[in-house]
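In the numbering used here, the protein residues as written are 22 to 295.
Among the hints, a few may not be true.
Only pairs whose alpha carbons sit at most 30 angstroms apart, straight line, appear in this in silico DSS-like list of lysine-lysine [what the hints assert, rightly or not]: (1) LYS105 <-> LYS132; (2) LYS265 <-> LYS236; (3) LYS265 <-> LYS280; (4) LYS268 <-> LYS230; (5) LYS138 <-> LYS124; (6) LYS85 <-> LYS280; (7) LYS251 <-> LYS276; (8) LYS44 <-> LYS224; (9) LYS85 <-> LYS254; (10) LYS85 <-> LYS155; (11) LYS56 <-> LYS124; (12) LYS236 <-> LYS280; (13) LYS254 <-> LYS138; (14) LYS34 <-> LYS85; (15) LYS265 <-> LYS254; (16) LYS124 <-> LYS44; (17) LYS265 <-> LYS85; (18) LYS85 <-> LYS56; (19) LYS268 <-> LYS224; (20) LYS236 <-> LYS224; (21) LYS251 <-> LYS236; (22) LYS105 <-> LYS138; (23) LYS280 <-> LYS268; (24) LYS85 <-> LYS132; (25) LYS265 <-> LYS276; (26) LYS138 <-> LYS34; (27) LYS251 <-> LYS280; (28) LYS276 <-> LYS85; (29) LYS138 <-> LYS85.
Pair by pair, the computed Cβ-Cβ distance ranges are [what the hints assert, rightly or not]: (30) GLN246 <-> GLU130: 35 to 43 angstroms; (31) MET26 <-> THR140: 28 to 36 angstroms; (32) THR30 <-> PRO216: 47 to 55 angstroms; (33) GLY88 <-> GLU51: 35 to 43 angstroms; (34) GLY88 <-> GLY235: 54 to 62 angstroms.
Derived by calculation from the structure, the hints in this document are not laboratory data. Note that beta-carbon positions come from the ideal geometry of N, C-alpha and C, so glycine has one too.
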Amino acid sequence: MAVTMADITHLRKMTGAGMMDCKNALTEAEGDFDKAIEIIRKKGQAVAAKRSDREASEGCVIAKAAGEFAAVIALKCETDFVAKNADFVALTNEILDLAIANKCASLDEVKALPLGKGTVADAVTDRSGITGEKMELDGYGVVEGSSTAIYIHPGNRLATAVSFNIAGVDAQVAHEVAMQIAAMNPIAVNEEGVPADILAREKEIAADKAREEGKPENLIERIAQGRIAKFYKEVCLLEQEYVKDPKVTVAQYLKSVNKDLTVLNFKRFTLNAD
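Modelling step: build the complete structure from the supplied sequences, incorporating the hints.
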């Protein structure tokens, strides 16, 4: 049967596939839309399998907040050209909207959400078939608190989300803390949050450096502790110098706004290797 332009356009709206892909799928399916959609989906699966060993180093990283819940997600692809495509960005936003609406706690939960005629994971595979590139959901993180805020760096390559212990935190204050996280890349809110393996490694490095400098063995531990204190100021959000006023720490800045205000948690995702 002859495939009409109206049919091709309709299938394209349903799948997001290119005009020729839609025409070929409808021709093969003899005008059956369900079969045509399945043909396009199988193409996506084939492309995904073929390119599974490729590196997906580009993509879209975004964050959104909904009251007491905020999330960051990263959908990755192979090239900057695809990463900036409006349909790719729209898919990332649609997935994150679904994740927030369902308050998903993990990436596996996000992938299993229903989207279109399949799941989120299926939708990513389908998009891979449309673009011909490897695509993967490579990161998802959530924060919860009485208030939340997010920051997305221009270009959708870096995004953060942060939660606070008090409701109604001034939007500008919350946004500046989210920007601090983006700029200064802390690894924990405070000293207690620094992973034990990282702390052990830093202590070992500090001790080794002191020995290389010829410091007496009985002073090594004290010198190492001093360097760990400096390390905390670099990697703990609340102990970092506040970027807009280096004379105070982030904790001091928050207390100047409200004596009880503090950060509960944060997430930071980037396509860069920092």
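Do the hints match the structure? See the list:
| no. | hint | result |
| --- | --- | --- |
| 1 | LYS105 <-> LYS132 | 22 angstroms, holds |
| 2 | LYS265 <-> LYS236 | 37 angstroms, violated |
| 3 | LYS265 <-> LYS280 | 19 angstroms, holds |
| 4 | LYS268 <-> LYS230 | 29 angstroms, holds |
| 5 | LYS138 <-> LYS124 | 21 angstroms, holds |
| 6 | LYS85 <-> LYS280 | 27 angstroms, holds |
| 7 | LYS251 <-> LYS276 | 22 angstroms, holds |
| 8 | LYS44 <-> LYS224 | 63 angstroms, violated |
| 9 | LYS85 <-> LYS254 | 28 angstroms, holds |
| 10 | LYS85 <-> LYS155 | 25 angstroms, holds |
| 11 | LYS56 <-> LYS124 | 34 angstroms, violated |
| 12 | LYS236 <-> LYS280 | 42 angstroms, violated |
| 13 | LYS254 <-> LYS138 | 49 angstroms, violated |
| 14 | LYS34 <-> LYS85 | 26 angstroms, holds |
| 15 | LYS265 <-> LYS254 | 16 angstroms, holds |
| 16 | LYS124 <-> LYS44 | 38 angstroms, violated |
| 17 | LYS265 <-> LYS85 | 24 angstroms, holds |
| 18 | LYS85 <-> LYS56 | 36 angstroms, violated |
| 19 | LYS268 <-> LYS224 | 27 angstroms, holds |
| 20 | LYS236 <-> LYS224 | 15 angstroms, holds |
| 21 | LYS251 <-> LYS236 | 18 angstroms, holds |
| 22 | LYS105 <-> LYS138 | 25 angstroms, holds |
| 23 | LYS280 <-> LYS268 | 18 angstroms, holds |
| 24 | LYS85 <-> LYS132 | 18 angstroms, holds |
| 25 | LYS265 <-> LYS276 | 15 angstroms, holds |
| 26 | LYS138 <-> LYS34 | 14 angstroms, holds |
| 27 | LYS251 <-> LYS280 | 25 angstroms, holds |
| 28 | LYS276 <-> LYS85 | 26 angstroms, holds |
| 29 | LYS138 <-> LYS85 | 25 angstroms, holds |
| 30 | GLN246 <-> GLU130: 35 to 43 angstroms | 41 angstroms, holds |
| 31 | MET26 <-> THR140: 28 to 36 angstroms | 31 angstroms, holds |
| 32 | THR30 <-> PRO216: 47 to 55 angstroms | 53 angstroms, holds |
| 33 | GLY88 <-> GLU51: 35 to 43 angstroms | 50 angstroms, violated |
| 34 | GLY88 <-> GLY235: 54 to 62 angstroms | 57 angstroms, holds |
Hint compliance for this structure: hints 2, 8, 11, 12, 13, 16, 18 and 33 are not met, and every other hint is.
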